[in-house]
Amino acid sequence: MIEVKDLHKSYGRHGKANALNGITFTVKKGEIFGVIGPDGAGKSSLFRILASLILPDSGTVTINGFEVIKDYQKIRQIIGYMPGRFSLYQDLSVEENLKFFATLFNTTIEENYYLIKDIYQQIEPFKNRRAGALSGGMKQKLALSCALIHKPEILILDEPTTGVDPVSRKEFWDMLDRLKEQGITILVSTAYMDEASRCDRIALILEGKFIGSNTPQGIIDDYSEILWSVIGGKMSTLLSVLRNHPKVKSSFAFGDKLHITVKEGLQTFDLKQYLLNKGFNNVCIDPIQPTIEDCFMALTS
Amino acid sequence: MNENVIEVSNLTKRFGHFTAVDHITFNVKRGEIFGFLGANGAGKTTAMQMLCGISLPTEGKGTVAGFDIIKENEKIKRNIGYMSQKFSLYEDLKVWENIRLFGGIYGLSDKVIAEKTDELLEKLNFQHERNTLVKYLPLGWKQKLAFSVAIFHEPNIVFLDEPTGGVDPAMRRQFWEMIYSASDRGITVFVTTHYMDEAEYCNRVSIMVDGHIDALDSPSTLRSQFNTESMDEVFRQLARKAKRAD
Amino acid sequence: MKQLIAFVNKEFHHIFRDSRTLLVILGIPIVQILLFGFAINMEVQDIRVAFYDPTPDAFTTGITERIRQNAYFNYLGKVNSMNEMEVVMRKGKLDLAIVFEQDFQENLVHSGNAAVQLLSNSSDPNRGSISVNYAMAIIADYQKDQMNISQIPFQIQTENRMVYNPLMKSSYMFVPGIMGLVMMIICTIMTSVSIVREKERGTMEVLLASPLKHGTMIFAKTIPYMVISFIDFIIILLLSYFVLDVPVNGSLFLLCLIAILYIFLSLSYGLTISTLVDKQVNAVIISAMTAMIPVLMLSGMIFPIDNMPNVLQYFSTIVPARWFIDAIRKVMIQGQGLTMVWKDVLILIGMTVFLLAVTAVNTKKRLE
Chain Y
1 MIEVKDLHKS YGRHGKANAL NGITFTVKKG EIFGVIGPDG AGKSSLFRIL ASLILPDSGT
61 VTINGFEVIK DYQKIRQIIG YMPGRFSLYQ DLSVEENLKF FATLFNTTIE ENYYLIKDIY
121 QQIEPFKNRR AGALSGGMKQ KLALSCALIH KPEILILDEP TTGVDPVSRK EFWDMLDRLK
181 EQGITILVST AYMDEASRCD RIALILEGKF IGSNTPQGII DDYSEILWSV IGGKMSTLLS
241 VLRNHPKVKS SFAFGDKLHI TVKEGLQTFD LKQYLLNKGF NNVCIDPIQP TIEDCFMALT
301 S
Chain Z
1001 MNENVIEVSN LTKRFGHFTA VDHITFNVKR GEIFGFLGAN GAGKTTAMQM LCGISLPTEG
1061 KGTVAGFDII KENEKIKRNI GYMSQKFSLY EDLKVWENIR LFGGIYGLSD KVIAEKTDEL
1121 LEKLNFQHER NTLVKYLPLG WKQKLAFSVA IFHEPNIVFL DEPTGGVDPA MRRQFWEMIY
1181 SASDRGITVF VTTHYMDEAE YCNRVSIMVD GHIDALDSPS TLRSQFNTES MDEVFRQLAR
1241 KAKRAD
Chain U
2001 MKQLIAFVNK EFHHIFRDSR TLLVILGIPI VQILLFGFAI NMEVQDIRVA FYDPTPDAFT
2061 TGITERIRQN AYFNYLGKVN SMNEMEVVMR KGKLDLAIVF EQDFQENLVH SGNAAVQLLS
2121 NSSDPNRGSI SVNYAMAIIA DYQKDQMNIS QIPFQIQTEN RMVYNPLMKS SYMFVPGIMG
2181 LVMMIICTIM TSVSIVREKE RGTMEVLLAS PLKHGTMIFA KTIPYMVISF IDFIIILLLS
2241 YFVLDVPVNG SLFLLCLIAI LYIFLSLSYG LTISTLVDKQ VNAVIISAMT AMIPVLMLSG
2301 MIFPIDNMPN VLQYFSTIVP ARWFIDAIRK VMIQGQGLTM VWKDVLILIG MTVFLLAVTA
2361 VNTKKRLE
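Chain order of the listed sequences is Y, Z and U.
Each residue of the first sequence is one higher than the last, beginning at 1 in our numbering.
Each residue of the second sequence is one higher than the last, beginning at 1001 in our numbering.
Each residue of the third sequence is one higher than the last, beginning at 2001 in our numbering.
Chain Y on its own, in the form it takes in the complex:
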């Protein structure tokens, strides 16, 4: 469905941020492919190239057999693209926006209503309200409806959940699941590591490179560090004490616990003893399964 080969893109002398340094991947029909990484890693550049909006310095992209540079007009027919920031007309009403985008793609709201029904129904009560007066979550739903109205084969969503609260984020991913059932291929980027599990396959991106690409479980299975969680005592002091231990490779806060990676040969018992000597008499240390975030941190360290 989507084939990307050795994509490069740079932005002049200072262009470290947002640049791409050799990206290769494929996306299969009907899957949700997540590109996960921090801001400035190149997610938006990558998606804009895929949407035929900017030209790569080198490398090739084909979507459904169409070449992104040469056949950009065909590509623009089959993709639905939702840019990172809210990109609808704030001074037009909800319905006017949707109608406008439908006409732009030579279709009507009625024709593809079944596709957006789930999403659009939630904002339909406000269809006469100006888009600028909508709350964040509703804007998102409208933007998604507009990107879907021409029944695209591929949906390209650039950080659709940034700045959205956890509950709305979950709802948004539920919507993507339903779209996937309709056979739409979805390419989505996010800076939230916890959203990785909602994708069929993910790629972790940092400084314009994929540092890992697999199914979420595959990424976790490839994790090679020894990972423990530590809990008990004051976080900040516990952190610095752990970092001073010669066999602790890294230690970071994860919610109410600390996640640490250690060198081979260290036993949980030894570490517990060490902490006890430092005055931490109520710590729990357990080996744990890594999360995607642990993997990302291991891959970037």
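Warning: the hint list may mix true and false statements.
Claimed, not checked - As a list, the in silico DSSO-like pairs of lysine-lysine whose alpha-carbon atoms are at most 30 Å apart: (1) K29/Y - K127/Y; (2) K2091/U - K74/Y; (3) K1094/Z - K1029/Z; (4) K74/Y - K2365/U; (5) K127/Y - K1086/Z; (6) K234/Y - K1029/Z; (7) K2213/U - K127/Y; (8) K99/Y - K2199/U; (9) K99/Y - K2002/U; (10) K234/Y - K209/Y; (11) K151/Y - K2144/U; (12) K1071/Z - K1094/Z; (13) K209/Y - K1086/Z; (14) K1241/Z - K257/Y; (15) K2279/U - K1086/Z; (16) K1135/Z - K2002/U; (17) K1123/Z - K278/Y; (18) K2002/U - K2365/U; (19) K74/Y - K2002/U; (20) K1241/Z - K180/Y; (21) K1077/Z - K257/Y; (22) K1061/Z - K1071/Z; (23) K209/Y - K1135/Z; (24) K28/Y - K2279/U; (25) K99/Y - K74/Y; (26) K29/Y - K2144/U; (27) K1029/Z - K1077/Z; (28) K2199/U - K2002/U; (29) K2199/U - K1086/Z; (30) K2078/U - K151/Y; (31) K2365/U - K2213/U; (32) K170/Y - K117/Y; (33) K29/Y - K2213/U; (34) K2364/U - K1135/Z; (35) K170/Y - K257/Y; (36) K2199/U - K1135/Z; (37) K2078/U - K99/Y.
Unchecked claim - A few chain Y positions that, by computed beta-carbon distances, are all more than 12 Å from chain U: (38) G22; (39) A102; (40) P152.
Calculated directly from the structure, the hints in this document are not laboratory data.
All C-beta atoms in this analysis are idealised placements derived from N, C-alpha and C, irrespective of residue type, glycine included.
Guided by the hints, dock chains Z and U onto chain Y, whose structure is given.
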């Protein structure tokens, strides 16, 4: 630790018929890290604007850093620091120029600014980036610098509005370690975030739903109160009750 | 076609929902006309004039009397030598000196030609030039009267540019100027801003990612402003005609044609700017600097082109409004036909084609 730096009672803000913030009451202690959570549109931003002295409450009263939020809002501004994800530093100024600018805004002398600039850059390991335009810094670095600038004038309280959105995991944690050290120095940290793991790093969190505060306690107490393992679930249970259209 | 209509619709929505801007673009012509018509008096009054007439005769006395009686002139008297004239002029006590040649009447009767020299104090070039124009008009008027009486063909040699403005009303001069200014402002600033706004707000990204043809978008963008600026043109025309009593002497059809051509030109310029910048602020600044100020300063609207330094005169030839104003003056005030304005029209067409070509070359199918 027991001195309150923020005391708010029945704080309310109405826009026409819409009550954005509905009688909220809470205190924040000196040096505390206070997490201010809530769904989009729950009224967090409006509440924060009132605390920072940029928006007048319709009802209720409160003090921030010992100053009345209605009568002494100019004094409040001098005693707080503020940083948000959307705006923190001037992109087209160099690192040191930003530091000098904000130092100057808070009335620090050139000599103090110069000394503290060196100190700050050294602490952040930023010396080599002194003359870099801020827009060329990676986001994580930018946010760390922005936080340092927000507490450059040693304010009583620093307000952080989603400071870590989009920042990579390791940087995010380094950022929080900076928050801890500020808190150890006695600076009160008032922070909003959409990362629920970050809620765990706070001493206490409040969760806003439809303009009022529905939960306020330490993360561990909240977790046991809602009988769940994660703050994520606490948040979800509360936010589900929201009636406001988003 | 459906896309185009939907897009034009959207543009009108933008315009009508931004009522303040709409008020400004429809209010500009009214305010300008009233401002120039009543508040700002461009008419030069109290022109201090002196005569040097070495050989007084019936004609020179006639001319002298006419100028003396004219309300705009303040007759200081006659001088006895050119030297004296120069002294008074240098002291700044004189705006205009009128010098008749030796044996004025004789020359006129015998050879049919006589010269009168108009010397203006050009420390204020505007006042000087207008004084000269007034005097010329009076002389030309006098000549016409005399010819009617005597039936002898003769010529008093002055440049009789103001002969078409016998009432000497300044509104005749600035109405075409305001047309040039208002339409340039609206078309250029509004189109460039409305396109650049889409870039700035990120909506351009979505438009580009859709199958919409770029040409359709550009065309749709320009239609509303074409309509609005034509309405402005009509407003100015009506106001000038009914409020300021400016006649429409030439063909109304030709006038509208020239206006439409100029609107096209201004739109093209707006498009050109929009391809060059990414921020609304920059679009406004560039449009204002390159479209508004030259129209005010270099088009002949306020400052006569003939009085400018050579460099500026050359420079003024690339200001479209100069040609537009010239053409409008000729058609509207002087009542000339296409034969007299074909040069202006061709230049305007040429400029439009040039700008469209530049736009086409710079237009991108992508974001960068």
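Is the Cα-Cα distance between K1071/Z and K1094/Z 30 Å or less?
-> 36 Å, violated
Could you grab the alpha-carbon distance between K1077/Z and K257/Y and see if it respects the 30 Å cut-off?
-> 35 Å, violated
Restraint check for K1241/Z with K257/Y, where alpha carbons must lie at most 30 Å apart = With a Cα-Cα distance of about 29 Å, the restraint between K1241/Z and K257/Y holds, given a limit of 30 Å.
Between K2091/U and K74/Y, is the straight-line Cα distance small enough, at 30 Å or below?
-> 78 Å, violated
Distance restraint between K1029/Z and K1077/Z, which requires alpha-carbon spacing of 30 Å or less = 18 Å, holds
Below or equal to 30 Å on CA atoms is what counts here, so check K2002/U against K2365/U.
-> 21 Å, holds
Verify the proposed pairing of K2365/U with K2213/U, using a straight-line Cα cut of 30 Å.
-> 9 Å, holds
Find the nearest Cβ of chain U to the Cβ of P152/Y and say whether that gap is larger than 12 Å.
-> At about 10 Å from chain U, P152/Y fails to clear the 12 Å cut-off, so the statement is violated.
When you check the alpha-carbon spacing of K2199/U and K2002/U, does it fall within 30 Å?
-> 23 Å, holds
Does the alpha-carbon distance linking K2199/U and K1135/Z stay inside the 30 Å limit?
-> Roughly 20 Å between the alpha carbons, so the hint for K2199/U and K1135/Z holds.
Within 30 Å, alpha carbon to alpha carbon, are K2078/U and K99/Y?
-> This hinted pair is violated, its Cα atoms lying about 80 Å apart.
Hey, K29/Y versus K127/Y, does the alpha-carbon distance stay inside 30 Å?
-> 33 Å, violated
Checked against the numbered hints listed earlier, the structure breaks hints 1, 2, 3, 10, 11, 12, 16, 21, 24, 26, 30, 37, 39, 40; every other hint is satisfied.
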